[in-house]
Each structure stands twice: as C-alpha cells, then as structure tokens.
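Chemist: Line order of the protein sequences matches chains A and B.
Heads up: the first sequence runs through residues 32 to 251, numbered per my numbering.
Heads up: the second sequence runs through residues 32 to 251, numbered per my numbering.
To be clear, the hints were calculated from the coordinates, so they are not data collected in a lab.
Some clues are possibly wrong.
For identical chains, the list gives no copy identity; a pair is met inside one copy or between any two copies.
[Stated by the list, open to error] No farther apart than 20 Å at their CA atoms in a straight line, the calculated lysine to aspartate or glutamate pairs in the EDC-like style are these: (1) Lys186 x Glu114; (2) Lys191 x Glu54; (3) Lys103 x Glu244; (4) Lys149 x Glu54; (5) Lys191 x Glu61; (6) Lys103 x Glu227; (7) Lys149 x Glu112; (8) Lys149 x Glu104; (9) Lys202 x Glu174; (10) Lys191 x Glu238; (11) Lys186 x Glu53; (12) Lys149 x Asp82; (13) Lys56 x Glu70; (14) Lys150 x Glu53; (15) Lys202 x Glu112; (16) Lys150 x Glu240.
Quantities reported herein were computed from a predicted structural model and do not represent experimental measurements.
2 protein chains.
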Amino acid sequence: MRQKNISSAVIARLPRYFRYLEELKEEGVERVSSSRLSEMMHVTASQIRQDLNQFGGFGQQGYGYNVAQLHKEIGRILDLEREHSLIIIGCGNLGKALANYGNFRLRGFRILGLFDVKKELEGTVIAGAPVYMIETMESFLEEHPVDIAVIAIPKQEALKLVEPLTRAGIKAVWNFSHTDLPFPEGITVQNVHLSESLMVLSYRMREHELYSECHPDESL
Amino acid sequence: MRQKNISSAVIARLPRYFRYLEELKEEGVERVSSSRLSEMMHVTASQIRQDLNQFGGFGQQGYGYNVAQLHKEIGRILDLEREHSLIIIGCGNLGKALANYGNFRLRGFRILGLFDVKKELEGTVIAGAPVYMIETMESFLEEHPVDIAVIAIPKQEALKLVEPLTRAGIKAVWNFSHTDLPFPEGITVQNVHLSESLMVLSYRMREHELYSECHPDESL
Numbered sequence: 032m033r034q035k036n037i038s039s040a041v042i043a044r045l046p047r048y049f050r051y052l053e054e055l056k057e058e059g060v061e062r063v064s065s066s067r068l069s070e071m072m073h074v075t076a077s078q079i080r081q082d083l084n085q086f087g088g089f090g091q092q093g094y095g096y097n098v099a100q101l102h103k104e105i106g107r108i109l110d111l112e113r114e115h116s117l118i119i120i121g122c123g124n125l126g127k128a129l130a131n132y133g134n135f136r137l138r139g140f141r142i143l144g145l146f147d148v149k150k151e152l153e154g155t156v157i158a159g160a161p162v163y164m165i166e167t168m169e170s171f172l173e174e175h176p177v178d179i180a181v182i183a184i185p186k187q188e189a190l191k192l193v194e195p196l197t198r199a200g201i202k203a204v205w206n207f208s209h210t211d212l213p214f215p216e217g218i219t220v221q222n223v224h225l226s227e228s229l230m231v232l233s234y235r236m237r238e239h240e241l242y243s244e245c246h247p248d249e250s251l
Numbered sequence: 032m033r034q035k036n037i038s039s040a041v042i043a044r045l046p047r048y049f050r051y052l053e054e055l056k057e058e059g060v061e062r063v064s065s066s067r068l069s070e071m072m073h074v075t076a077s078q079i080r081q082d083l084n085q086f087g088g089f090g091q092q093g094y095g096y097n098v099a100q101l102h103k104e105i106g107r108i109l110d111l112e113r114e115h116s117l118i119i120i121g122c123g124n125l126g127k128a129l130a131n132y133g134n135f136r137l138r139g140f141r142i143l144g145l146f147d148v149k150k151e152l153e154g155t156v157i158a159g160a161p162v163y164m165i166e167t168m169e170s171f172l173e174e175h176p177v178d179i180a181v182i183a184i185p186k187q188e189a190l191k192l193v194e195p196l197t198r199a200g201i202k203a204v205w206n207f208s209h210t211d212l213p214f215p216e217g218i219t220v221q222n223v224h225l226s227e228s229l230m231v232l233s234y235r236m237r238e239h240e241l242y243s244e245c246h247p248d249e250s251l
C-alpha cells in the first residue's frame, strides 16, 4: 500500500537510496545492514533506519535489509515501474545530452520526439528519437499523449511554451530554462537551475576557506 | 560583515532571490516590497522577510527593499564578486552545454580550458576556451591554479579523477557524473544528479494524480 505521508525531505533522498541499492543489486548483494549503507552513503545509520521505516521498512534486527525487495519498493514509491513518455524541446547541446543519457530509458522514460526551430534538424534522429519542428508540437501532442515535457531552450522561448503545453494536457515539466515557468498548479514542474547550483557551490567554497583560515590546524 | 550563521535552507534560496533581484534591476526597478517579491516568486511575504532579515535585511517598513543594494549584498554572500577559475572535464554534449552557458561568465566563472580523451578535439576551441587532452590535466593544473573542476564524464572515468584533482589542490568540484565522488572533506563537492531529479519528478507527478483522483471536484 502506498504511504501518503512520506515527508518531502525523505522523498528527496529516495532516489539516492535507489541508486545505491541498484549498485548492490548489480553486484549480487542480497542483504545490507543500515551501517553498511551508512558507510557507503555517508549518512548516519539512524537516519537511514528512520527514513526507511517511514514506508514500512524491510529491516530486520541483525539481518539488515533485503536489497532486491527494498530496491523494488522504492522504485514503486517513485513510480518507476510505469512507463513515462516524454518529449525534449530544444536540440542544443543540453537537449542532446539529455536525449543520450541512457539511464532514462532503463528507468522507463521513453523519448517520443525532440523539437527544435532549426530547419536542418528536421527529420534527423537523436538517440533513436526523431526531431520535429517546434511549430508541429501542438498537433503532435494531440495525436500522442505525452506525460513529460523536457524544456531545454532559453528563457524567452520557454515562456512561449507554457500555454500550448498546458492546453495539450501535459502532466509534468522538467525545466532547464533559467527561469521559473508559470504553469498552472495541476502540472508538476521540476526545475533544474544550473546557475543556482553553481552559486551555492561558490558560497560553500568560501565557507570552507573561511573555516580553514580560522582553524589552520584542523584538516577539514 | 559576513554573517556566519545563515541556515543552509536560506542559502539554498539565495540564488533564486539573486535571480529575481537581477531581473528587477535590469528593468530599472529601484525598490521592491516583500509582497511584490512574494507574488513574483510564489513564496509567502513573511518567508521573504524572515530570510532576508537573517543577514541584516534592507527592508524598511512601508518602503520595501532597495533592489540594487540587496542584489549586491546577496551576490557578496554568495561570493560572486570574486572571479572563479574553472576547467570542464568532458567535451560531450553536457560539457559543451555548460561551456556555452554565457551566464557563468557574467557571474565571474572563467573557463580556463576543457579536457577530453578524443584526439580529434585537441587544439579546438569551445566557447572561447581551448580543449586539451586529459593526460595533460595534471601538468596544466600545476601551472594554472584552478578553483573549480566541472566533471561531465561517465562514472567510471570520473572516479579516476578524484586522486589527481585532489593532488592538484582543486578547491571545489561541480559533479555531473552519476555517482558520488569520494573527495576528501576539504574539497567542496556540489552534485547535480539529473536522474535523481527525474525520479523526484516522477514521484511528484504520481502524487498529483492521486490527489486529483481523490478530489475530482477541486482544480489543483
């Protein structure tokens, strides 16, 4: 049964558990203790037990977690058992990088097509998916229901897509444009703001430096 | 004066404030109220006041915030006034997308070079920066001190870079490889795990659907 009260902080951590459990599974490991997971993931063992208990938990004192079972359960919570269809808007370097990332396909995210404005790309194929002209997007979406639109174009162009994508009944948007897009609330929007990530890196770097200056004898 | 006790949740939100304030500044807006910022950013006005108060705050009851001053102050906290040097490792689509993202340069992140294994790329120029062969990276770093290494190559190759980059005294790593890299604690690592972001999107999509199924009369 689906637990509906998993906190969003735990949800944000689940993909990382999923990734580590997948590696263990591939290595043929059957059971893993919270302390082993803790070592691998650099998270305290008690944090791990707390997180995994939130959805029933499969740990057994002294026996650890069943890797395959926990992996499957987390995949189910993240809804990775279902196939998701997606389109990528923008065939620049970023759009191509996303299309070529093979893991997406393994996780059931199927690329139905890519869209761009560049005439010379029409009819070409990127990572097995055809490239269409952006002006045909709306009619394409009428014929092919799509779950997720991946937006990999600049801000001003991205803003123009909000209306047509909303009209087409898209369910979710993975937004790489450097702006927040005003989709209505019923549409799930996941932003990846790369410049924000770099700014946080910059802050954390400086913090590290200040700390070392004040504690010259400690190695961080 | 630098406030050292800004919470990490606030830090994570600062780049977004910075981005909105920058837009306002470009539009020539001089003052902005917390309620106007709240509308723009879809965050409550009290959250905004609380966040901005943490580092002195420049709000004045009834007058709002001085846009330029607040923008400058947040930039200073994020350490964006200083120039950062960086190298990009991996000239695939992702590496190229990052190199071409002009905003980084505007924010003082200067690309000294890109590194790859492909012989045919040697000596070419991407976004104004030269491409070198990966085997020359260590000697390059001896001659050119670099703050940040951007890692845009697959997991197995990325793991091999941990030792040489650590030896070279790199300060920070912006990691796009699909794994956690075991750098020592003194090096700041900022991970961008795209597949994790997509899994969270998948979860949130399903949550939305479940909500609509249970509340068919409400528009979300």
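Chemist: Check the structure against each numbered hint from earlier and tell me which ones fail, lowest number first.
Modeler: Those not satisfied are hints 1, 3, 4, 5, 7, 8, 10, 12, 14, 16.
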